[in-house]
Every structure is written in structure tokens, then in C-alpha cells.
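According to this note's numbering, the stretch in the sequence shown is residues 3 to 302, in order.
It should be emphasised that the hints constitute simulated quantities derived from the structure, not laboratory data.
Heads up, a few of these hints could be off.
What the hints assert, rightly or not - Just the calculated beta-carbon pair ranges, DEER-fashion:
hint, residue 1, residue 2, range
1, E62, Q4, 15 to 25 Å
2, N44, F291, 47 to 57 Å
3, K288, N166, 41 to 51 Å
4, D194, Q45, 32 to 42 Å
5, I71, R141, 19 to 29 Å
6, R81, Y103, 21 to 31 Å
Even for Gly, the Cβ is constructed at its ideal location relative to N, Cα and C.
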Amino acid sequence: MQFRANGKLLISGEYLVLDGAKALAVPTRYGQSLDVQTRDANQRKVEWRAMDENDRIWLEVWFDKNFQILSNSDEQAARNLQNILRYASILNPSFLTGQKYYEVTTRLDFNRKWGLGSSSTLISCVAQWAGVDSFELLRQTMGGSGYDVACAQHNSPIFYQLQNNEPKVEEVAFNPPFADELFFVYLNQKQDSQKEVGNYHKLEFDREVTANHITALTDKLTTVDDLYSFEETLNQLEETTGKAIGKKPIRESRFSDYPGAIKSLGAWGGDFILATRKEAINYFSKKGFDTIIPFEEMVI
3 MQFRANGKLL
13 ISGEYLVLDG
23 AKALAVPTRY
33 GQSLDVQTRD
43 ANQRKVEWRA
53 MDENDRIWLE
63 VWFDKNFQIL
73 SNSDEQAARN
83 LQNILRYASI
93 LNPSFLTGQK
103 YYEVTTRLDF
113 NRKWGLGSSS
123 TLISCVAQWA
133 GVDSFELLRQ
143 TMGGSGYDVA
153 CAQHNSPIFY
163 QLQNNEPKVE
173 EVAFNPPFAD
183 ELFFVYLNQK
193 QDSQKEVGNY
203 HKLEFDREVT
213 ANHITALTDK
223 LTTVDDLYSF
233 EETLNQLEET
243 TGKAIGKKPI
253 RESRFSDYPG
263 AIKSLGAWGG
273 DFILATRKEA
283 INYFSKKGFD
293 TIIPFEEMVI
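With the hints as constraints, model all of the structure from the sequences given.
As C-alpha cells, this is what we get:
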């Protein structure tokens, strides 16, 4: 058996999606696969290997029939995986039953440090395998808004919104005529999304008004048909979010001489940014940022 899930990037609605703002998210061509081989055995065991984009093992775990960890190469990663498998079996009691030896191999085709969803793609793959709801599995394990899990199972850009804490997902046409002027730049540092979400919940501001403003800007982002208007909307999104979380937009704080617009994607301060204009390649390369991916090479 084999399963696959797409990676993700959050174009708009970071943080505020937790308060009901409509977000624009895109599934990426990069993702993760999960392959399961079984054979008869005297006692059920699970042998798990996680491979990186260079086909190197980055995690090995052996579980017994009760998901107790017999041995592992990374204690924290093993416990996270144990938690996911346990909840999957609670949601579907027939998952991983019988006297079988399970050999499971996962394969990423992106760098784990990129923040494209190594956890969300894993949850999506396990949910497919177990036949359970991926959003419920996420809620019981990693938490978060769920946009990443939605991207994992869609092959089109999406609007994502929480309504009464339930996910609403709508596929949307988002392939701007100026897509050749859009680039994703990796900032060489990983953000802790769970920590950022925790800090966000402590902030005090008018969440409803701000979320409504973000929703309006998200709608506008998918309808503008020229680069200038797109850049203007990105700047408004950055300004609105920055005021809410008490941080300066990244262009203002780090790249003030850049001629185009720059949009933080997901938790501010790390992972990828979206930069407009073809000057991005030379500008960011000179600053030591080597991972610059054109829009059409990244987005499904």
C-alpha cells in the first residue's frame, strides 16, 4: 500500500486563520509518501523508517503491538509518531490489528527544515492508511488551524476558513498572469509553529475586525490581475498582520531596499517568504539565500 500527501504554503491569513479569517493556501509539488509492506508474524510489530529527500534515514522506530517504543534513533520524533499512531487506532480500532509485521517507509521530497509540512503530510498519510478523518487526527495530536492538512489532500490552491471551529475548504483558481514574477525564498531558519500559535493566543487586539479585514484582502488577492495591485494587497496583508502581532513586516525590518513586495508565509521570522519581481533571484542570492523557487515550480 502506498499513500501520498502534498506540502503546503500559507499565502495569506497566517495567525488570523485561527480566529476565523479566510486564508489562501497552496499545495506544493513537494510532499511525502508512505509505503506499507506486511508479512505474517507470531506477534504484531511495526518497523518504521523515515527517509529524507536524499534517501537517507533520518528516523528509525520499532513499536510493539501496543505501540510501546522498543527502540528509536530520535526520542522526541519517535514519541510524536507514537502519539499519531495511537490516536489513529483510537479513531479506527481496526487499524494495525492482526498478527502481522508492518514495515513502513516514509519519504520526503523536500528538506525538513523548509517548513513545507513534514508533520501535516505525515498525519495525512497515516489518516489515509487508517481510514480516519485527517482533521480529527490533527486535532488530537499536533493541533493548529488545519490548513496544512487541507493542502495535503487537495491538488489546487484553496480558501481555508474555520467556521465554528470546523474547517471550510474551497478550491480556488489562483494562477496569476504575472506568476513568472513570483518567487519563494527560503530564509535558512525554521520556525516553531506550535510555539508561535501559543504566543499568538496571548495577544490582545480586536480579533473579529482584524480577521474580517484579512478575509477581504484574501479575496482581493485572488482577483487582482496586475502585479502592482497584487503587491499593494500583499503589503496591506503584511501591515494588518504586523499590527495584530506586534511585529514589523519582514521587508521593513530586513529587506527595506528591495524594489518589490515581500510577504511572510506562515509563522513570521522563518521558513519561506514570497517575493515579487524577477529581481528576487539576484537580490536574495547576493544576500546568501540560495533556495529560490519560482511560483510555477513550487505550486501544484
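Hint check against the structure, violated hint numbers in rising order: Nothing - there is no hint that the structure violates, so all of them hold.
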